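Peer 1: These are the residues of each chain, in order.
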Amino acid sequence: EPEVTQTPSHQVTQMGQEVILRCVPISNHLYFYWYRQILGQKVEFLVSFYNNEISEKSEIFDDQFSVERPDGSNFTLKIRSTKLEDSAMYFCASGWENSNQPQHFGDGTRLSIL
Amino acid sequence: RKEVEQDPGPFNVPEGATVAFNCTYSNSASQSFFWYRQDCRKEPKLLMSVYSSGNEDGRFTAQLNRASQYISLLIRDSKLSDSATYLCVVLLSGGSYIPTFGRGTSLIVHP
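Protein chains in written order, with the working numbering: chain A, 1 to 114; chain B, 1 to 111.
Don't read these hints as lab results, they were simulated from the structure. Quantities reported herein were computed from a predicted structural model and do not represent experimental measurements. Cβ atoms here follow ideal geometry from the backbone N, Cα and C, with glycine treated the same way. Worth double-checking, as some hints may not be accurate.
As the list claims (entries may be wrong) - Which bits of chain A does chain B cover? Going by a derived footprint, with three or more residues having C-beta under 8 Å, they are:
no.	stretch
1	42-56
2	102-109
Said to hold, decoys possible - Derived DSBU-like pairs (lysine-lysine); straight-line CA-CA distance at most 30 Å:
no.	chain 1	residue 1	chain 2	residue 2
3	A	Lys83	B	Lys79
4	B	Lys42	A	Lys83
5	A	Lys83	A	Lys57
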C-alpha cells in the first residue's frame, strides 16, 4: 500500500535556527497538508497546499512558516527562527480530494527545540 | 465552546466488551466526519468515514446525528489491539477546508 514518508524521524535544533521538514506524499495525490501535535495535545491543522499554492492555512501558520513543493515529489515545511514552543510532532498528509475524502498521514517528524 | 469535543477517558474495558464513544461538534455547517485511531506517538490512521445513514465496518459502527450535532463510534467484541486513542475529525462544507480534530478518547482494553 502506498504511503506518505517523512524525514527525518527526529530533528533536534537549537532555538533560533531554521529547520526544514520533508515529506513525500502518495504519488497520485493532489492535496498536501501539514499538521502539528504538541505532546499530550490535539492534532492541529497548519496548512493545505494544492496546485503549487497554499489553499488554506490556520492561525498557527504565520510568517515563521512556509511550505514548498520544489521538485514535484517532495513537500517541505520550513520553520524559521524556531522557538521552544515549536517542539512538537509534525505530520504530513496527502489526499486526492479536498472535501470529503480522508487523508493519509506520514509517521511524523518529532521536532525538539533546545 | 470547543469546536470538537470528546471525552478524553480513558475507557478501561475487558476484552470482548462493547464500548461506545461520542464526539460533539459546534459548527452546524460541518459536512464530513471521520474517526481516526492514533497509537501512542504514532500518526493518526483512518478508521472509518461517518455517513449520514450510519455505517459499519466489521466490529466498528459509526453513527451521525446532525440534529444533536454528534457522531458516535461503537466497538463490539473489543480486542487488546483496539487499545489506542480515537480521534474525531470534522470538516466544514464549502470552499474553506480546515479539518478540526478532537483531542481524542483513550481506550484501554485489558485481558
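Peer 1: Run through the hints listed earlier and report the numbers of any the structure violates, in increasing order.
Peer 2: Hint 3 contradicted; others consistent.
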